[in-house]
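The hints should help you fit chains B, C and D with the ligands onto chain A, whose structure is shown.
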Amino acid sequence: MKSALNVDQIKSEFPIFNRLVRGENRLIYLDSAATSQKPLSVLDAERDFYTKHNAAAHRGAHQLAEEATELFEGARAKVATFLNASSENEIIFTKSATESINLVAYSIGNAKPGSKFHLKAGDRIVVSEMEHHANLIPWQELAARTGAELSWFGVTDDGRLDLSNLDSLINEKTKMVALTHQSNVLGTINDFNGDLVKLRAQIKAVGALFLIDACQSVPHLKVDVQELGCDFLTFSGHKAVGPTGVGVLWGRSELLDEMPPFLTGGSMIENVTMQSATYLPAPKRFEAGVPNMAQAVGLGAALDYLDKVSLTAIHEHEVALTKQALDGLKSIRGLSIVGPTDVKNRGAVISFTVEGVHPHDLGQALDQYGIAVRTGHHCAWPLMRRFKVVATTRASFYLYNDQSDVVALVEGVDRARKYFMER
Amino acid sequence: MKSALNVDQIKSEFPIFNRLVRGENRLIYLDSAATSQKPLSVLDAERDFYTKHNAAAHRGAHQLAEEATELFEGARAKVATFLNASSENEIIFTKSATESINLVAYSIGNAKPGSKFHLKAGDRIVVSEMEHHANLIPWQELAARTGAELSWFGVTDDGRLDLSNLDSLINEKTKMVALTHQSNVLGTINDFNGDLVKLRAQIKAVGALFLIDACQSVPHLKVDVQELGCDFLTFSGHKAVGPTGVGVLWGRSELLDEMPPFLTGGSMIENVTMQSATYLPAPKRFEAGVPNMAQAVGLGAALDYLDKVSLTAIHEHEVALTKQALDGLKSIRGLSIVGPTDVKNRGAVISFTVEGVHPHDLGQALDQYGIAVRTGHHCAWPLMRRFKVVATTRASFYLYNDQSDVVALVEGVDRARKYFMER
Amino acid sequence: MELDSLYQEVILDHYKRPQNKSLASNPTIQVHHVNTSCGDEVTLNLHFKGERVENITWDAVGCSISQASHSVMSELLKGKSAEEALSLVEEFQRMLQSKGSDLGNEEHLQDGVAFAGVSKFPARVKCALLGWMAFKDALQQSITKAN
Amino acid sequence: MELDSLYQEVILDHYKRPQNKSLASNPTIQVHHVNTSCGDEVTLNLHFKGERVENITWDAVGCSISQASHSVMSELLKGKSAEEALSLVEEFQRMLQSKGSDLGNEEHLQDGVAFAGVSKFPARVKCALLGWMAFKDALQQSITKAN
Ligand SMILES: Cc1ncc(COP(=O)(O)O)c(C=O)c1O
Ligand SMILES: Cc1ncc(COP(=O)(O)O)c(C=O)c1O
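Chains as they are written, first to last, in this note's numbering: chain A, 27 to 449; chain B, 27 to 449; chain C, -14 to 132; chain D, -14 to 132.
Because the hints were derived from the structure by calculation, they are not lab data. Predicted model, so just to flag it, every value in this text is computed and none were measured. Built from N, CA and C at the ideal position, the CB exists for glycine as well. Don't take each hint at face value.
What the hints assert, rightly or not - Taking beta-carbon pairs under 10 Å as the criterion, some of the chain B residues facing chain D (in silico):
1. HIS88
2. GLU92
3. ASN297
Here chain A stands alone, though its shape is the one from the complex:
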């Protein structure tokens, strides 16, 4: 099997792989679905901002402020190009995908009767059973605040969206649909351009707003917001080889410019008296305060890095690793995969359970061998209940993982199983 990527070269660009863990073990990092590691170029872009150009963007009358503004807005342009947005003004920098989703939910909640965003009793918000808490709880709260009803798509036994009640979920009552692009537990990719094109068409036909949580897809495969035909899309920088503390909300300009603001304060106003204020158009309307400039600049560098390596190659590489891992793991006694067991429409996230070994114990043993995985409910508690498990062990791969990491994982799981079951 020839890899699409030169992983040795890539690894050398991520300083963290120089360290050893739990004694003398090399670091086998299989927790990128929680957060990714960062290449030197991202760290250098942030440092360069601070050591040469640091000032408050949009606010100063001096050279540093000009440069800071240009770097910050340049990062916005990079994100716009990366997502194929039709304008830079469609890119809002937030602190995280969690904030992005809350932004949309609160903004809608702030819409007055008469506004096309206003929600009320009788309206419906639709999510799915495979959502991360970040794309579930904000909608529960919005429903509670407005009187709208929250409904959801179930998940089939093989980890796919269950569309059997499509017509009763997506109809003229439906005002907002928020779905994940890739499940952070199952690995399932919801292919809105392919298998799920009917769902997408129906959302459009009833005129509902459509938000895609792309936290697990944007870092791993080419995402084109115009092709996806959604209204909002969000991801977090820290999962896309970027810094912590920065997220993105993309939204259609014509919607953003009409939506009520969320956070209010400096830099987003048109006019202010003691009694009231009027607001600028997007993106400024949604970026109150001195922004997370260095993090936005770092995110720009991260997207440059992903572009340089090529998302097509990254995806191909991950599919190969996923196939190898699924084959290897399935051979282990008592191991069950939670999610699709083949690589069709599937990302590089694999959740599993091993009979008789609790995920916590399994994760602990793997950690001792230098293998970093995540265990628990992965912020998707309803999905755990759906599959009648308390928790799973989750391994996730990224551009800096290679076949030897997969071999180590499979061997490690088997060794841990024996440790707990056979002594």
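Relative to the frame of chain A, chains B, C and D with the ligands by itself:
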């Protein structure tokens, strides 16, 4: 005049001062009230996090996640000590002071009837005419959402809070009072432990909540939340030699644990079903999502740095520079100070106008000489109207400025005045 | 020095002796625009008749760049047809957004080319454009009103 | 290797053969506690009579550390006075939060000292404490109820 600080030493620790601006000018950075520069130790702390310990705090079962958690929580402990909070659980990491204030306003807005935080028609929120937009507009919006009334303290001609209508503003109707600790335009310090102790006592007596916007004070003088006797206090990292993308909200534990959440999502929940969720106590309740870990760690390093230099010495140094600058500026023809003209209860922020020279033009000329100031309304538009100016020029000093910077400012302003007025 | 390349003699002259800075009564349309990043304001009265810009008068608070720019704009566009005026606004705007690469056509823009240097200072581009954008807005409103 | 220092024989024994893992009926108080970071749960029935812990029974889903800890706790605290039990809970908790510095007093904590190694793994401390905190809660509720 002997300085309380060794500025040459300090300057050498801030890499940005190695660069030249607008040709061959040394950088005279007088815009720290907008954002401060960063010492190497802060940049190194962030880089160290990313290159050695990066992982999702609170979420992994592996060594990196453990280390990331310890560093992140360690930063929280540092902030708690720095502010003399009674527990680490009183420290919430946000992205900025703007978010912190919005958090309190939205949380109160989410409180149901019956909750002690619930606001309704007949209740009153009080701010002042010297607030930054960040401590004004969130309260306007909260008032509009709840039907409460927004009232405010005026400002006297010499730039002090006008307490003449104290009794009619702070009485049993008053539920929330939000005031700045130091004006980012006037430089006025609101001394709640001294001159304004009566105001503070009255707020307490009527049982209103009291929030202090300490963006301009925490970086410059010792702030002790227990001594201040407030309920909430906020500041931004980027103005306190820390990274962008991180702010702090301090609040009394007994309040935070009872307040409804603001942002919802992962890591802040107790239990989640498809219909609803229950929430953890503070600080987790208010920190949904993978947090801005590297920025929190950087902020911890920033506070260590300020502690090492000593806030007492910083304040003393700034008072000396402010005195020198006020004396120098007052000697310039046509120049008027907007704000107190002596150094009593006054920080190192000086706003002024020069007759016949628009602030934009003045700022531009100063920039050409290498002097970075801010011009405009400084996100305090109502205050501009109060003083009947469209904009001011603002110079602000910090620990890395010295007497020669003040001399350059005074000479620069005079030179600019001549450029526009005398040719 | 660069300051002079920004503050050309022409600009400072217009700043000190602004043209048409006194609102004429009974305009076809009055508009009020604000530069939200600094608070500068302009009120512009447009007299528009028979597809032609009959008069432009204004009042404003703002920096030398914006004041001079209002003055130059009002002189240049007075008497032009709607089409000519719009095309000049676009030409001026292009120059301002060129970051120094477009020096402007003096035959078309006349004193307006003095603002070419402003395009190198991104924070000031809005100052120079404020009045021109106000004019464009007023013109479009006048046309709509006429139809 | 370190794994063995965490998973001591005693722990794995209790995990495979848990004591008192079957809820006895008619408890004085029943409590249900959840480890929110992983979803592990315990239901604990406390029989409390005349200031004394008469019986502790439990049911739980969770990892080996938490299951073994419930088992050890129920054995150790059964029959103790409220005061003795509380003091043992505190001693156990102190050991777990010591980051490896407190090895525990075997005379007091008996099999409980096997969990000393857990204190070096901050992410697992909650697993070991879950049942003990549930017991403490149940005990306090029982005392309140009795008064
Ligand atoms: C007094 C005051 N309050 C609030 C803020 C808002 O801070 P930030 O923009 O970092 O959220 C600032 C600074 O811009 C300020 O000076
Ligand atoms: C699918 C999905 N949605 C949303 C989130 C929330 O992202 P963040 O915590 O960066 O806000 C995550 C990651 O935690 C995720 O995997």
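Right, here's what the structure says about each hint:
| no. | hint | result |
| --- | --- | --- |
| 1 | HIS88 | 9 Å, holds |
| 2 | GLU92 | 6 Å, holds |
| 3 | ASN297 | 7 Å, holds |
Figure legend: structure checked against the earlier numbered hints; every hint is met.
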